[in-house]
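**Student:** Line by line, the protein sequences give chains V and X. In this text, residue positions in the first sequence follow our numbering: the first is 102, and each later residue adds one. In this text, residue positions in the second sequence follow our numbering: the first is 47, and each later residue adds one.
It should be emphasised that the hints constitute simulated quantities derived from the structure, not laboratory data. Wrong hints could be hidden among the right ones.
So these bits of chain V aren't anywhere near chain X, every CB distance computed over 12 Å [stated by the list, open to error]:
id: 1; residue: Arg-136
id: 2; residue: Asp-150
id: 3; residue: Gln-233
id: 4; residue: Lys-235
id: 5; residue: Asp-273
id: 6; residue: Gly-279
id: 7; residue: Asp-324
id: 8; residue: Ala-325
id: 9; residue: Pro-354
id: 10; residue: Lys-360
id: 11; residue: Pro-447
id: 12; residue: Ala-488
id: 13; residue: Lys-640
id: 14; residue: Gln-694
The calculated label-pair distances, taken between Cβ atoms and stated as ranges, are [as the list claims (entries may be wrong)]:
id: 15; chain 1: X; residue 1: Thr-242; chain 2: V; residue 2: Asn-298; range: 46 to 56 Å
id: 16; chain 1: V; residue 1: Ala-234; chain 2: X; residue 2: Ser-126; range: 50 to 60 Å
id: 17; chain 1: V; residue 1: Arg-367; chain 2: X; residue 2: Ser-126; range: 22 to 32 Å
id: 18; chain 1: X; residue 1: Ala-219; chain 2: V; residue 2: Arg-175; range: 14 to 24 Å
id: 19; chain 1: V; residue 1: Cys-407; chain 2: X; residue 2: Thr-101; range: 27 to 37 Å
id: 20; chain 1: V; residue 1: Glu-408; chain 2: X; residue 2: Ile-115; range: 52 to 62 Å
id: 21; chain 1: X; residue 1: Ser-126; chain 2: V; residue 2: Ala-299; range: 37 to 47 Å
id: 22; chain 1: X; residue 1: Lys-117; chain 2: V; residue 2: Ala-234; range: 16 to 26 Å
id: 23; chain 1: V; residue 1: Val-361; chain 2: X; residue 2: Trp-155; range: 40 to 50 Å
id: 24; chain 1: X; residue 1: Cys-112; chain 2: V; residue 2: Pro-427; range: 51 to 61 Å
id: 25; chain 1: V; residue 1: Ala-195; chain 2: X; residue 2: Asp-211; range: 21 to 31 Å
id: 26; chain 1: X; residue 1: Ile-115; chain 2: V; residue 2: Pro-427; range: 51 to 61 Å
id: 27; chain 1: V; residue 1: Lys-109; chain 2: X; residue 2: Tyr-179; range: 56 to 66 Å
Covered stretches of chain V (chain X as the covering partner; in silico rule of three or more C-beta atoms under 8 Å from a C-beta of chain X) [said to hold, decoys possible]:
id: 28; region: 173 to 179
id: 29; region: 291 to 299
id: 30; region: 333 to 346
id: 31; region: 397 to 404
For glycine and all other residues, C-beta sits at the position ideal for the given N, C-alpha and C.
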Amino acid sequence: MAQEFHLKLITQRSGGGDPIVRERRLEGLEATIGRAPDNDIVLADLSIDPQHARMRFIGPGRIGIESVSGLPFRVAGKSVQSAVVDAAGHPVVAFGEYTLSFAPGEEAEAVEVTVTREDDEHHASPGVFSLQAKVFGRRNMAWVLGSGIFLLCLAIPMIFVLFMANPKIHPDQQWSTGPLSKAHAFMEKDCKSCHANAFVAVRDEACLTCHTADPATAPKALDAARRLGSPFEPRLVAEHAAHADLEKATPLPPGFGRKVSVMVQRTLNHPTDRCASCHVEHTPAKGGDPTAPLSDKPKLVVVQDCESCHSQLKMRLAKTDLIDTPDWSKHPGFRALVMTQAGPKPSFQRVALDTAPQERNGLIFPHRLHLDPLGGVARQAIGLGKAAGYGAALECASCHRRDASGTSFLPIEMERDCADCHSLAYAKVGGELRDLPHGDLDKVVATLAGRTVSASGGSDRTRPGQIRPTAFAASGASAYRATFSRGGACYDCHTITWDGDTVRMAPVKLAAKYLPRGGFDHGVPEHGGPGLAKKGGFKCADCHRAQTSDKSGDVLIPDLAKCGTCHGQTTAKIAAADDADCTTCHSFHKPGQATPKPGHPPLRTLRWTEAITRREAGA
Amino acid sequence: MRQRTHEGFLRHKGFRWAQIATLLCLVVVAVYFFVAARLAEPPSGGSWLGYTLGTISAGLIVWLACLGIRKRVITAGHYSLKAWVSAHVYLGLSLTVLATLHTGFQFGWNVHTLAYVLMMLVIASGALGIWAYATLPQRLHGNRGETTRKQMLEAIESLDKQLHDLAQPLDRAGAQVVRLSLEQTEIGGGFWRRLTGAHGDCANLRAMRKLKQLPAPATPRQAEALARIETVLQQKADVLGLARRQMQITALLEGWLFVHIPATFALLAALTAHVVSVFTYW
């Protein structure tokens, strides 16, 4: 048998079904392969050259194949120019889409070559017209974006919020609905410094950590603010009233929407009497001057005004003894805090001023006597001369000195404010006068013990700095008895009684404030303060009837009607007319003070260093 | 007799949902400008009006997203799919007003504004969809004439077969040119190519150019083949042009959904984060 190729041509049908098989014998030892029809093996593939390769027997079962066009073919996946294959190994040689599989023929020395075409024809389906995206398909993107946002914006921050105590990063920052005010900006990253518990509205405890004015815990509050990194000293605030009473005393706000809102909030554990109910953070301070100090602070949201709570208050808060003040005209007359018992622990009572109350301050002091321009006191003041700060009849400022703020007066101090006339000298040692220690009866008694009267008689009215002659006039009596007796240093102003030989003195206490729930600024020019007042401004005597007062017990505070002379009037009536609302004299967080305008000091003045300077200045 | 005239989802029941949505917007705008000025605090989602608008908006968003479920359920009757789509479109558009007022015009780099932006993205892409559905089907029909999509594909396949057979006598260079058209031609192409219809580097086109640059054929048989191939390549270019215009219009018709659907899922996630986070840090 001769060496020859048995060709088996297999064509797959595109429509499926059995393949078409054609067989042919190639005579001779050589066969040509190519696309041109004159080849022994015609491969109708455009990637194959018209004359592509040639194969021939080079031994029994061994076939050499070589490219004649220079284009390669593939043997066992490798691109080659020539190859020798052994039919016994069933090699496969590929030309383009065609494969030639060699196998030993049925007849000896013949080789069977099966030519098949890889049918990779694919038919485009009309679906190809639809828009497709492999990676960014609708479903893929939907799930990736959806779950990505869920993870990044909710799940991960929530894990940090619920389970991390002091995390280094703060993914919950993205939940912030807006920037914090400048005052609180240092806490911007640490949501939990205020939002202490998840799903619980910010509670007052968080605010009071830094802001409590409670004397017991205020120092701790300042420390807490420092620890949290506040560049500012926190403003310490007091409750307006007992907290438990506040919500009870507050009516529902006006307007249907607000009413519903408040009721819903209260139902959902979002109380409306919290600090944060009025002092709103994360919101721009819209409206008003952006440079005003208040824009540095949390936005103040005032839903209720003073009148809304202080009307029919008893209906909501039965135990209250506050009088309703639904408007200015209904404001009750002043009920001054009048001392009923002087002493180290004085007792007080609120008494209406129109009942001409008498104060028991323990002091004997007739204002009329001291202010009479033609009286003896005036004579003595003139005699003291200008150099000593007098030189004319006494006026209010001769004894009542303004404090550093200028808004009020220093408490009366005997040595400073009275002693220029009322000498406390009891002896002269080496040309120097010795004064009795004022304010402590036991010390006075101890100082005088054993002393006898030594001075000569003379005029009862002496220059200050001299020993009062009458004080020691009672011949043979002890200086002790003389000092506390008529003509003695103490007798004029103090109520003295004797228990045998032991002196008793009624305790003295001068009221610091008669109207503890309201603020009054004596520094305003119209109130008699320094500076140019509007026409119709007031002098001391216009409000305080001191010139006709003979008893120190007279309460010389004017009643509310006096305020009404200007406040709430029109300039047509009085040139010094001014507005009057509750805040003119009252404030929410600082009872007894007017609401400062524009509300708070500028933020920069609250920096720690400046705050200390401010405190040292006594402001 | 049932009326045969076609009434699209936009005109459904004489613009019933358009009227409802417009009324809703007008009422909400009126209430907002009446109430917002009287609010003690600056208007925001945290006021009572803010919560009300927020609740309505969130409810609407969830309901609107349910169209994806509804459209897969075949029902008939009053709550027809057409009515749903009509309501979906108009109530969806009204959200631009409701949700914007809910924000109180307060925006920032936070999850809340993210939800808002995503919502606006969904609505904007939806608006594109309305435009597409209102105008493109006609263009689609005008483009294809009486030819079906299947016929277009069959034509291309048949032309390819002709090219394959015609190229058999060609030498290597000629065969390469035909292979370029046969093997490299993409009917559609990728996402952006379909949307923009930019097929300037089409392989069939390149093959046509290269064919002209081939050296003179060696045999008359090859010359004849080349001449016929040129004709077939041109025929293929014509059919490709038709099919590709069809694809571009289809892409425009479907493209907005590639934003609308993923953005909706992103929105639902951001909305959940928005609501939960607000109450976490109440």
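**Student:** Against the range 27 to 37 Å, how does the distance between the Cβ atoms of V/Cys-407 and X/Thr-101 compare: consistent or not?
**Tutor:** Roughly 34 Å apart at Cβ, these two residues keep to the hinted range, so it holds.
**Student:** Compute the least Cβ-Cβ separation between V/Gly-279 and chain X, then decide whether it is above 12 Å.
**Tutor:** Nearest chain X Cβ is 5 Å from V/Gly-279, so the label is violated.
**Student:** Given a hint of 22 to 32 Å, does the C-beta separation of V/Arg-367 and X/Ser-126 actually sit inside it?
**Tutor:** violated (45 Å)
**Student:** Looking at V/Lys-360 again, its CB stays over 12 Å from all of chain X?
**Tutor:** violated (9 Å)
**Student:** With a Cβ-Cβ cutoff of 8 Å, does the region 173 to 179 of chain V contain at least three residues near chain X?
**Tutor:** violated (count 0)
**Student:** Just want to verify: V/Gln-233 was marked as not at the interface with chain X; is every Cβ pair farther apart than 12 Å?
**Tutor:** violated (8 Å)
**Student:** Confirm or reject: V/Asp-150 is not an interface residue toward chain X, with every Cβ-Cβ distance exceeding 12 Å.
**Tutor:** Contrary to the label, V/Asp-150 does not stay out of reach of chain X, its closest Cβ about 5 Å off (not over 12 Å).
**Student:** Does V/Lys-640 clear chain X by more than 12 Å, comparing its Cβ with all Cβ atoms of that chain?
**Tutor:** Answer for V/Lys-640: holds, closest chain X Cβ roughly 42 Å.
**Student:** The output says V/Lys-235 does not contact chain X. Does that hold with a beta carbon cutoff of 12 Å?
**Tutor:** violated (9 Å)
**Student:** If I take the minimum Cβ distance from V/Pro-447 to any residue of chain X, is it greater than 12 Å?
**Tutor:** Holds, because the least Cβ-Cβ distance between V/Pro-447 and chain X comes to about 43 Å, which exceeds 12 Å.
**Student:** Residue count check for the region 397 to 404 of chain V against chain X: does it reach three with CB-CB under 8 Å?
**Tutor:** With 4 residues closer than 8 Å to chain X, the region 397 to 404 of chain V meets the three-residue bar; holds.
**Student:** Can the region 333 to 346 of chain V be counted as covered by chain X under the rule of three residues or more with Cβ-Cβ separation shorter than 8 Å?
**Tutor:** violated (count 0)
Checked against the numbered hints above, the structure violates hints 1, 2, 3, 4, 5, 6, 9, 10, 16, 17, 23, 28 and 30; every other hint is satisfied.
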